[in-house]
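Enquirer: What follows is the residue order along each chain.
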Amino acid sequence: MAKLRFHIRYPEEKIPEPILYEIGHEYKVVTSIRRADVRETTGWLDVEFTGEPDEIERAIGGLRQKGCIVDPIELNVVE
Amino acid sequence: MPKMQALSCRECGKEYPTRDLHVCELCFGPLEVKYDYEAIKGRISRAKIESGPYSLWRYHDLLPVEGEPTVGLYAGFTPLIRARNLGAFLGIDELYLKNDCVNHPTLSFKDRVVAVALTRARELGFETVACASTGNLANSVAAHAAAAGMQCYVFIPGDLEAAKILGNLIYRPNVVEVEGTYDDVNRLCSEIAGEHRWAFVNINIRPYYAEGSKTLAFETVEQLGWRAPDQVVIPMASGSLLTKIWKGLKEFEKLGLLDHVPTKLNGAQAEGCSPIATAYRQGRDFFKPVKPQTIAKSLAIGNPADGYYALKATAESKGAMETVTDDEIVDAIKLLAQTEGIFAETAGGVTIGVLRKLVKQGVIRRNDVTVAYITGNGLKTQEAVIDAVGRPIRIQPSLTHFTKTFGLKEGA
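Quick mapping for you: the protein sequence lines, in order, are chains D and F. Heads up: the first sequence is residues 174 to 252, going by the numbering used here. Heads up: the second sequence is residues 10 to 421, going by the numbering used here.
Any given hint could be a false lead.
Label pairs and their calculated CB-CB ranges [claimed, not checked]: (1) F:Arg374 - D:Lys187: 38 to 46 Å; (2) D:Ile188 - F:Gln347: 48 to 56 Å; (3) D:Met174 - F:Arg374: 54 to 62 Å; (4) D:Ala175 - F:Glu24: 22 to 30 Å; (5) D:Lys176 - F:Gln347: 50 to 58 Å; (6) F:Pro62 - D:Ile188: 51 to 59 Å; (7) D:Gly197 - F:Glu325: 35 to 43 Å; (8) D:Glu185 - F:Lys57: 50 to 58 Å; (9) D:Lys176 - F:Thr190: 19 to 27 Å; (10) F:Asp45 - D:Ala175: 33 to 41 Å; (11) D:Gly197 - F:Cys36: 15 to 23 Å; (12) F:Cys21 - D:His198: 25 to 33 Å; (13) D:Ala175 - F:Glu75: 29 to 37 Å.
Within a straight-line C-alpha distance of at most 30 Å, the following computed DSS-like cross-link-like pairs (lysine-lysine) qualify [as the list claims (entries may be wrong)]: (14) D:Lys239 - F:Lys297; (15) F:Lys23 - D:Lys176; (16) F:Lys297 - D:Lys176; (17) F:Lys300 - D:Lys187; (18) D:Lys187 - F:Lys321.
Which stretches of chain F does chain D cover? Using the computed rule of at least three CB atoms under 8 Å from a CB of chain D, they are [as the list claims (entries may be wrong)]: (19) 34-43; (20) 192-205.
In short, the hints are calculated from the structure, not lab data. Keep in mind that this is a model prediction, so the values were computed, not measured. C-beta atoms are modelled at their ideal positions from N, C-alpha and C, and glycine is treated no differently.
Whenever a hint applies, use it, and build me the whole structure from the sequences.
Expert: Written as structure tokens, this is what we have:
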């Protein structure tokens, strides 16, 4: 089992959708939200994913397909 | 008494030992060094600083290392130049340029943060250092690692131009081209930092690394005769530099080295990558990530780690943020070179371009003591101006032709 931390940003039009709930059902991953800011015009979550590494990869792919931007918790580190 | 008390979460305040940690285990907020200012106050003074080495280590009492510095001993203490020509052109009576184009050893402000990061990394027992970078950071880490005899890994995206890699290869680090995008490099480096006992300067050593930027504020104050400027213009990539300049000014005030801080922070970004400046101008306290598209590659961070904190610090100082187009960046590089004889890289063009706009808008006024931060050397980004500087004037090897070409009188 692996634990990986991500910063997930929702596109504005997807804010009302229960995206993380859906991901938890579609893939074998456990999600733990540690910090979040969801408003009418923006939505981001800092989340820990627990699961098999390949399954976490698929879940991240699923989030991206739903239009989310997924970055490591450190955000952009290429300086 | 140790000067470093803990690493403290910038969000929830939870404290951790001063090890190689960078994210709060509880809320995933970023960690920052927390100092014992009472202890520092008892041993720091203007006189002590003035008698220190001519490097950033004269501010050792406010830097996150325990022992004597061992890496980057000559970084920092770059010139603060009174820019009379540029000031006259723009309409500012007292304009200064903090010139990190001549920082040692790799000609950018990154030499400051890397000197601190590698000194701390050694204290923590690391033998291998690493970074993810496309330019100045990679240069600095590779050079400092070579001098310190440390193993070095530099991660770059697979599609980077060859010329940019050369500046790193000369120091013989392990340059790792990752097949994929910037996002893929981000992700991989984050995972490697979690797996290997390496000092990734801008990941697991970031709380220490970032503190090196404070020295730009310290030097500015000291070189201005122990006063803080009214206005500063700072280029923004991750936003860390701006927040740390603010922290440095506030620390000097807290320790009684400055009477007060009237300084307004002004953040500068390229229009093609301006998540922080756009949010600020729209009055938002959050930013939206962007895909960078600008010649100012050293500022091209689309999802900046310290963006939120840069917005907060700028608002606290009642400052401003502005952007410039690529054409305006090139114009500003030329303006700086032709008025002050300083050839800055594209980030310097962003700073001077924004300075120019803020003066025009009346945000920076004629009698404001103003400092602009020039963070890197133009010799590194010559491609940005290659089509904008004209050609040499070609003549035949004859005095007559020469005098005729320039309309000179013979013997005059």
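Enquirer: Take the hints in turn and mark each one as holding or not.
Expert: For each hint, the structure was consulted:
1. F:Arg374 - D:Lys187: 38 to 46 Å: holds (45 Å)
2. D:Ile188 - F:Gln347: 48 to 56 Å: 49 Å Cβ-Cβ, so the 48 to 56 Å window holds.
3. D:Met174 - F:Arg374: 54 to 62 Å: holds (60 Å)
4. D:Ala175 - F:Glu24: 22 to 30 Å: holds (27 Å)
5. D:Lys176 - F:Gln347: 50 to 58 Å: Holds: the Cβ-Cβ distance is about 55 Å, inside 50 to 58 Å.
6. F:Pro62 - D:Ile188: 51 to 59 Å: holds (53 Å)
7. D:Gly197 - F:Glu325: 35 to 43 Å: holds (39 Å)
8. D:Glu185 - F:Lys57: 50 to 58 Å: About 53 Å separates the Cβ atoms of glutamate 185 of chain D and lysine 57 of chain F, which means 50 to 58 Å holds.
9. D:Lys176 - F:Thr190: 19 to 27 Å: Roughly 24 Å apart at Cβ, these two residues keep to the hinted range, so it holds.
10. F:Asp45 - D:Ala175: 33 to 41 Å: holds (38 Å)
11. D:Gly197 - F:Cys36: 15 to 23 Å: For cysteine 36 of chain F against glycine 197 of chain D, whose Cβ atoms are near 20 Å apart, the range 15 to 23 Å holds.
12. F:Cys21 - D:His198: 25 to 33 Å: holds (30 Å)
13. D:Ala175 - F:Glu75: 29 to 37 Å: 34 Å Cβ-Cβ, so the 29 to 37 Å window holds.
14. D:Lys239 - F:Lys297: Answer holds: lysine 239 of chain D to lysine 297 of chain F is near 17 Å, not above 30 Å.
15. F:Lys23 - D:Lys176: OK: lysine 23 of chain F and lysine 176 of chain D at ~21 Å, within 30 Å.
16. F:Lys297 - D:Lys176: holds (26 Å)
17. F:Lys300 - D:Lys187: Status holds; Cα separation ~20 Å.
18. D:Lys187 - F:Lys321: holds (27 Å)
19. 34-43: holds (count 4)
20. 192-205: holds (count 7)
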